[in-house]
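Those protein sequences? They're chains A and B, same order as listed. Those letters in the first sequence? Residues 1 to 416, per our numbering, in order. Those letters in the second sequence? Residues 1 to 152, per our numbering, in order.
It is worth saying that the hints were derived from the structure and are not from the lab.
Label pairs and their calculated CB-CB ranges: (1) B:Gly-148 to A:Gln-327: 37 to 45 Å; (2) A:Asn-304 to B:Ser-64: 39 to 47 Å; (3) A:Val-260 to B:Val-116: 47 to 55 Å; (4) A:Gly-383 to B:Arg-90: 34 to 42 Å; (5) A:Arg-324 to B:Glu-93: 48 to 56 Å; (6) A:Thr-63 to B:Leu-13: 55 to 63 Å.
The beta-carbon is built from N, C-alpha and C at its ideal position, and this holds for glycine as well.
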Amino acid sequence: MPDTSASVAGNVLDVEKIRADFPILSQSVRGKPLVYLDNAATTHKPSAVIERVRNFDAEEYGTVRRGTYKLSERATQLYEEARRNVADFVGAEKSGEIVFTSGTTQAINLVAHSFGKRFVNAGDEIIISNIEHHANTVPWQVLCQERGANLKVIPVNDDGELMMEEYAKLLSSKTRMVAVNHVSNALGTINPVKKITEQAHAAGARVLIDGAQSAPHIKLDVQDIGCDFYTFSGHKMYGPSGIGGVYGKREVWEEMPPYVTGGDMIMQVTLEKTTYAKPPARFEAGTPPITQVIGLSAAIDYLNEIGMEKIADYENSLLEYGTRLFQEIDEVRIIGNARRKASIISFFSDAVHSHDMVHFLDEDGVACRGGHHCAQPTMIRYGVPATTRASMAFYNKPEELDALAESVKKCIRFFS
Amino acid sequence: MSYDKELYQQVILDHNRKPRNFRAIENASHSCHGVNPLCGDDITVYLNVNEDGGTIDELSFQGSGCAISKASTSLMTTFLKGRSVEEARRIKEEFHKMILGNLDPEKEEHHLGKLVLFAGIREYPSRTKCASLAWHTLVGALDKKFDGVSTE
Ligand SMILES: Cc1ncc(COP(=O)(O)O)c(C=O)c1O
Numbered sequence: 001m002p003d004t005s006a007s008v009a010g011n012v013l014d015v016e017k018i019r020a021d022f023p024i025l026s027q028s029v030r031g032k033p034l035v036y037l038d039n040a041a042t043t044h045k046p047s048a049v050i051e052r053v054r055n056f057d058a059e060e061y062g063t064v065r066r067g068t069y070k071l072s073e074r075a076t077q078l079y080e081e082a083r084r085n086v087a088d089f090v091g092a093e094k095s096g097e098i099v100f101t102s103g104t105t106q107a108i109n110l111v112a113h114s115f116g117k118r119f120v121n122a123g124d125e126i127i128i129s130n131i132e133h134h135a136n137t138v139p140w141q142v143l144c145q146e147r148g149a150n151l152k153v154i155p156v157n158d159d160g161e162l163m164m165e166e167y168a169k170l171l172s173s174k175t176r177m178v179a180v181n182h183v184s185n186a187l188g189t190i191n192p193v194k195k196i197t198e199q200a201h202a203a204g205a206r207v208l209i210d211g212a213q214s215a216p217h218i219k220l221d222v223q224d225i226g227c228d229f230y231t232f233s234g235h236k237m238y239g240p241s242g243i244g245g246v247y248g249k250r251e252v253w254e255e256m257p258p259y260v261t262g263g264d265m266i267m268q269v270t271l272e273k274t275t276y277a278k279p280p281a282r283f284e285a286g287t288p289p290i291t292q293v294i295g296l297s298a299a300i301d302y303l304n305e306i307g308m309e310k311i312a313d314y315e316n317s318l319l320e321y322g323t324r325l326f327q328e329i330d331e332v333r334i335i336g337n338a339r340r341k342a343s344i345i346s347f348f349s350d351a352v353h354s355h356d357m358v359h360f361l362d363e364d365g366v367a368c369r370g371g372h373h374c375a376q377p378t379m380i381r382y383g384v385p386a387t388t389r390a391s392m393a394f395y396n397k398p399e400e401l402d403a404l405a406e407s408v409k410k411c412i413r414f415f416s
Numbered sequence: 001m002s003y004d005k006e007l008y009q010q011v012i013l014d015h016n017r018k019p020r021n022f023r024a025i026e027n028a029s030h031s032c033h034g035v036n037p038l039c040g041d042d043i044t045v046y047l048n049v050n051e052d053g054g055t056i057d058e059l060s061f062q063g064s065g066c067a068i069s070k071a072s073t074s075l076m077t078t079f080l081k082g083r084s085v086e087e088a089r090r091i092k093e094e095f096h097k098m099i100l101g102n103l104d105p106e107k108e109e110h111h112l113g114k115l116v117l118f119a120g121i122r123e124y125p126s127r128t129k130c131a132s133l134a135w136h137t138l139v140g141a142l143d144k145k146f147d148g149v150s151t152e
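Please model the complete structure; the sequences and the hints are all you need to start from.
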């Protein structure tokens, strides 16, 4: 029996109650209720985050790690508690293994530069996949050019899954780093990161997992995965923009030189020479985005309260529901049909270019992303110039997917 | 249908479905490749300019893009055929002003003819590049920009 909207909403989550936590969702666009389906680009904030940030700025804000007065000491304590909270959220053992950055882009650049400088030399190899965000492609390309190393790419099958036999063949004693995403932002594929890591380690390579898309959807355990680095972005996990970070194994951080230099990352500075602080301070030069760190921590509290397993279950049911709706639209082809997927549906239609599609969806209050999703090599692989992408969060309702599907059908009729 | 009549008018839809002069010109006197890196629109414009009179004898394009970019390029090719290079450059300037909302074709003098169809774009800042790519690429061809042009 086909699922109805009501049965999907099910008992897993009280989505109406959750929606009430997100003030922005109750607005109208062009007289229609906003249907926000661009969560892979950025997510909205619950009141708990908005209020925590407001209170912190109003009552507790101060510089961190520098001042020796009460306000600064308190802010420093909250800042370090937030680091502990992030560490627990990703499953790290030590809070000092978390380095705050402005987001995933900066996190990958940090690792590529710093790890690269120390460990990557001419003739070495870096492995990425064919379905990476540009943020996990360009830094490695640049590194390879600078160091005379070679970039190898894990191919994907027609469903959007990494070809693991090919991956195994790419690994060798020359491999220094394997950098792949946990969840592809363009297709939604969930990659077998534990297996990828085990094989890389067996070849003597380090592993970076780009977790920008997985952190908001999957219960994380970096120790179970075993990876050396794991990156994330606050603004994709219901927290503020301008904050994110990277987990790294203590012993790997220890070996790495700083990326950005200046204040706060030093042990001692004379005019002749500087010795560097231990990680994580070594990698956090300058005054960090203090308020944003507090906001990220509040977002994590909010997610923990609901429970990541519950979130994943509910989003899976949305994905199944939405996938069925799209399978019924003949003019539309879903790009990315991996067996394990997060709640992202990327689709293509010969009848309508994605930019026209997104324009028409917007007329109906439906916010989706059209384009190449900062993953041009992925678009090239699937022979499409662009796709339209609906990416769902646990505050989305099946009825919203109905609205999306109706709007898509209407748009296709208009253009045919 | 309540759909955005202002932007997606019948003529635009028609040029999107059946783009005119949609082919390459072999040994064209001028050509240029233009991309909009934000959305992946990608076109090549070809021209044969008559060296004596400076008129555009032939004009065509190939490529892929959204309805607005395709229709804009198609209409441009039909509109400029037979006109002088000088005129083409002037029209490009006027077109650009119009889509940015700096020239109101209902109130001000212009030479845009049927191209005023695109006046509605000024309401959609994120789409202006879709309409202007054709024209940037045309000027790139006239200026012999062999590396191509980009809207970014
Ligand atoms: C898989 C993936 N990696 C990296 C990024 C870059 O993240 P940010 O823009 O937060 O630095 C994104 C965001 O679009 C992403 O989806």
